[in-house]
Each structure stands twice: as structure tokens, then as C-alpha cells.
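Residue numbers (the numbering used here), protein chains in the order written: chain A, 1 to 308; chain S, 1 to 244.
FYI, nobody ran anything at the bench for these hints, they're computed from the structure.
Do not take every clue at face value.
[To be verified] Only pairs whose alpha carbons sit at most 25 Å apart, straight line, appear in this in silico SDA-like list of lysine to any residue:
| no. | chain 1 | residue 1 | chain 2 | residue 2 |
| --- | --- | --- | --- | --- |
| 1 | A | LYS7 | S | PRO101 |
| 2 | A | LYS119 | A | LEU108 |
| 3 | A | LYS78 | S | MET1 |
| 4 | A | LYS78 | S | THR242 |
| 5 | A | LYS139 | S | PHE41 |
| 6 | A | LYS139 | S | ARG87 |
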Amino acid sequence: MEQPLIKAVGLYRYFGEFCAVRDLAFNLNRGEILGLLGPNGAGKSTTLRMLSGALAPSAGDIWLSGVNLREHPRQAKKTLGYLPEVPPLYPELTVDEYLGYCAGLRGLAAPQCAVARQKVKGRCGLADHGGRLIGNLSKGYRQRVGIAQAIVHEPGAIILDEPTSGLDPNQILEFRGLIRELGKHHGIILSTHILQEVKAVCDRVYIMNEGRLATSAAMEQLARHADRNLLIRLGRPPALEAIRDLPGVCSVGVLGESRFRLELEDDAAPGVIAERIVNSGWDLEELTSGVTELEHIFTQHTTGKIPS
Amino acid sequence: MILGIAGRELRSLFLSPLAWILMSVSMLLLAWLFLVRLEEFIQLQPRLAALENAPGITAILVVPQFGSAAMILMLIVPVLCMGLFARELSSGTFSLLLSSPVSVTQIVLGKYLAVLALLGILLLLIVLMPLSLLMGGALDLGTLAACILGLVLLLAAYGAVGLYFSSLTRQPAIAAVSSYGALLLLWVLDLAGGGLFSYLGMSGHFQRLTSGLVFSSDMLYFMLLTGLCLTLTIRRLDTLRTFG
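Excised from the complex, chain A in its bound form (with noise of 0.2 Å):
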């Protein structure tokens, strides 16, 4: 069986006293988008900059496609491509200049640094701005620079800090495409604090917290989970009792005077559940689907409280 792209065990980064990242465990394979989520200061960025080579971890080790990144790191770099933050580029050189430096320092050979650079441009957009100043590029621009230079030489894993921060929407999708192409055939830990985008690309979801790995899922194991809840408020609420009595109903969250969240079985059928309230007389006034499962994990698993 082929290695892990990423394998990390028992990861931990102090800074001073505080303890940003704490016991973290992680496998990437190819094929595989992994989404990476959480709060703010969850410890996402400083995670992926250990696995990136550009910090130490404290404790622990890395392996990158089987080789240890402490004990040979040159050689563990190789497989590797990563989008910082903060994308890193040199206003003055121009995009071509740019990727070609950056090929090149990846270990690419001339000859090769030409053809990869060509590659890379159509798939990020950037065909027509290969002459341009990268000082001169908007933010979406210097982003999709930035996805580029992450994988101008096709390295095994991609790792990307919150690559879509600054693309407007189309971008967006247009990225989201490119992603999917990619995880095909690479293995990409994606770090975002945009549920949407996991949701859309992702196969798998970390979601981290005060440093440690909150929870994992698969998204499969999500969308089966996904819409088993409803939102509804009512005109005139009956006693809770029956409420619970509706049909495929399993239990009832009380979420203000008049609202309720509603948990469905796995078979309930949400119009079954409208005609019966309507029939009832208790003033249907709205009905939602609820938040989907990510949404309520991810609230669940940052604040420790269960989302409205």
C-alpha cells in the first residue's frame, strides 16, 4: 500500500507558555481533500506551517510521503506544495518570473520549469498575465498566483491556508473546480473557516479547537446525517407533548416562545409533518430545514453549545 502523503503523530507547538497546537494525529492520502476547520486562533494555520517545514513542531513527528520531515528534511519537501496565509510573493517580479523561481526551487530543471510554468498558468487562469507585475495583480490575481506557485511542481500533497480569502464568487467556483481536479490525483489538506467550501470539496473534515482536533468525520457520514432537522414556528404552539407526536419526529428542541427545532427520524417526511400541523390549526408560520449537520458539529465541537 502506498504511504500516507502526510502522516503526523502526536504534534504539539508551545509559544512561550501558550499551547497553540496539543497531541494532534493526522493521515492525508492521495485522492483525498481533507477540510480543516475551525474558529479563529483554533491553531489551523500554525498546524499546517508545522506540516509545511516552516515551523518546528515541539513534540512530535511529520512524515511527508513516508520521509521523516526532522531527519531529512530536504528530501520530505519534495512532495510538498504550500499556500501560506499570507500568499508569499515578490511584487517586483513578474508572474512568469515568479513561477519559474519557484519551480526552480522546488528542484525543477529549466527545461522542465518552462513546461510546468505553462501548465500551472492555464489551470490557475493565469495565461494571459504571465507578463505582469505581480505588484500590479488584484488580490483574487495574486491568490490564484499563490495557488499556482503551490503547485506549479506537482507535488503529492497540497496544502492550502484559507486559499479562496479574496476571490469573489466566480473565482470561487472556478477554484473549487480546480481543487476537485487536483484532489484527484494529489492529496490537499484545505484549512477554512468557511463551512460552504468544505461542504463543497471536501471528502473529510477535521474541525479543531483551542489547539486540539475537536472531531473528525467523513462527509459521506455527513450528507447521510444532513437535513434531519427542522426549523418551524408556530402561531399558536401546543403543548410540547404534541409536537413529539408528529410523525418520524424523534425529539423536540425548544428554541423560543413559538419556535421549535425539530429532530427527524431517518424515513420522516417533512411534508407529512406540514400537512399535520396545518391540519392541527397551530398556525403554520414558517418552516425550514435546519442547520445541517456540519454546521451543527462544528458549533457543537468550538462552543460546546447546540446551534439554533
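Once you've looked at the hints, dock chain S against the given chain A.
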């Protein structure tokens, strides 16, 4: 890899107006001093002709010219070097280098090579001035060679000191001021008198070289200083990874 880093750095240096300004300012000052000294020499010439064993143009003009170059470049080199690491650290581009399959030693040597290339160009321009005297007369080429050697070694040390101070901070101005302070201190260290201080001071070693006395101990001093600063820079950047 080293060449790639050096090439990128050199390109960035020349793409910014700073390098051009610094080079033209230093050339302007040196050219002015050169012309003033030439004028003085021409006025002195009739009296020198009457003397037996009179000092030649090399001793009167070329050697002081190299001394002035050493002083002016002490002001220029820290500014040229200030951004080498400080700018990469503050703009976040350093993480690109750290996540690439290059060692810290390669990064430091690449940057240093870029500095040497730039200083080499500057040195060439400085040397051209005394060489132009060959059109009108003879020079003591041995002394000139010793002067050039002295300036090469001195500039190599200046560059290494500038590089080190640039790796200590994220703010280029702080790097420039502190490396300027360090260089000036090294220059005036031997004012304190003999012994250790006079060995640690730069000026004595440089002056011996420019007067035409090439001692290996003086050459070794500059090499040690250069090596020490480069090693300290590598150490510093390694700890940066550890301490964040």
C-alpha cells in the same frame, strides 16, 4: 538552487531603485574625491620632482582613495543588505523558502552570493578610477593589487555583517542602523589601544593591506569575520523555525 536564490535576489535588488541610487551616490562621492586628489597631486608634482625617493601617485592618490571607498561603502552596504531577510520575514515570503526543499545554508549562501555579485560590480567601478591613471602614467601595480585585495575582503565582511543583521529583525531600517553601528564599532575598536582590541578592529588590517603589506593574518581576519557572520545567520534562521 543557490544560484536560483542568488539570481532572484539580484533581480529584485536591481529592480528596486534603491540599489541604483546607492551605487550612483557612492560613485558620485568617490569620483569627486578622486578628482580633488588628482588636482592636489598635480599641484604637488613640481615639488615632488625635486625630492629624492618621493612618494608616487599610487601612495598619494590611490591608497587614500581606497580608504575613502572603505568609509563610504560602510554607509552604503548596510542599506543594500537591510532587506535581504528582513523584507522576506515581514512580507511572509520566507515561508516559501522554508517549505521548499532547500536548506537554510543554501538560502543564506544564495543571498550572500547576490550581495557579493552586487558589491563586485561596485568594486569594478571603484577600481576603474585609479586604473584610468594608467592612460597618463605608471602605477605601482603591486600596491594597487594589494588595495584591491583589501577592499574585496573588506566588502565581503561588510556584506556578511549586513546579512546577519538583516536576519535579526523584520524591519529593514533597524537592520541597516544596527549593522552600520556594528561596522563602525569594528572600525574604531582599535582606538582603545593595542592588544586584543587592535586585532579585533578592522581598520588596522585594512590599512596594512592597502599600504601594500599583504599578511595572511590580516586576510584571515576578514575571512573569519565573514565566516562567523554567515554561520551566525544560519544559526539565527534555524532558531527562527524553532521559536516561530
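Comparing the hints with the structure gives:
1. Distance hint between LYS7 of chain A and PRO101 of chain S is fulfilled; the C-alpha atoms sit about 18 Å from each other, no more than 25 Å.
2. Straight-line distance between C-alpha atoms of LYS119 of chain A and LEU108 of chain A comes to about 14 Å, which keeps the hinted pair within the 25 Å bound.
3. For the hint linking LYS78 of chain A to MET1 of chain S, the alpha-carbon distance of about 13 Å falls within 25 Å, and the restraint holds.
4. With a C-alpha separation of about 21 Å, the suggested pair LYS78 of chain A and THR242 of chain S falls inside the 25 Å cut-off, and the hint holds.
5. Our distance criterion of 25 Å between C-alpha atoms is broken by LYS139 of chain A and PHE41 of chain S, whose separation comes to about 60 Å.
6. A distance of roughly 20 Å separates the Cα atoms of LYS139 of chain A and ARG87 of chain S; the hinted pair therefore holds under the 25 Å criterion.
In this structure, the one hint that does not hold is number 5.
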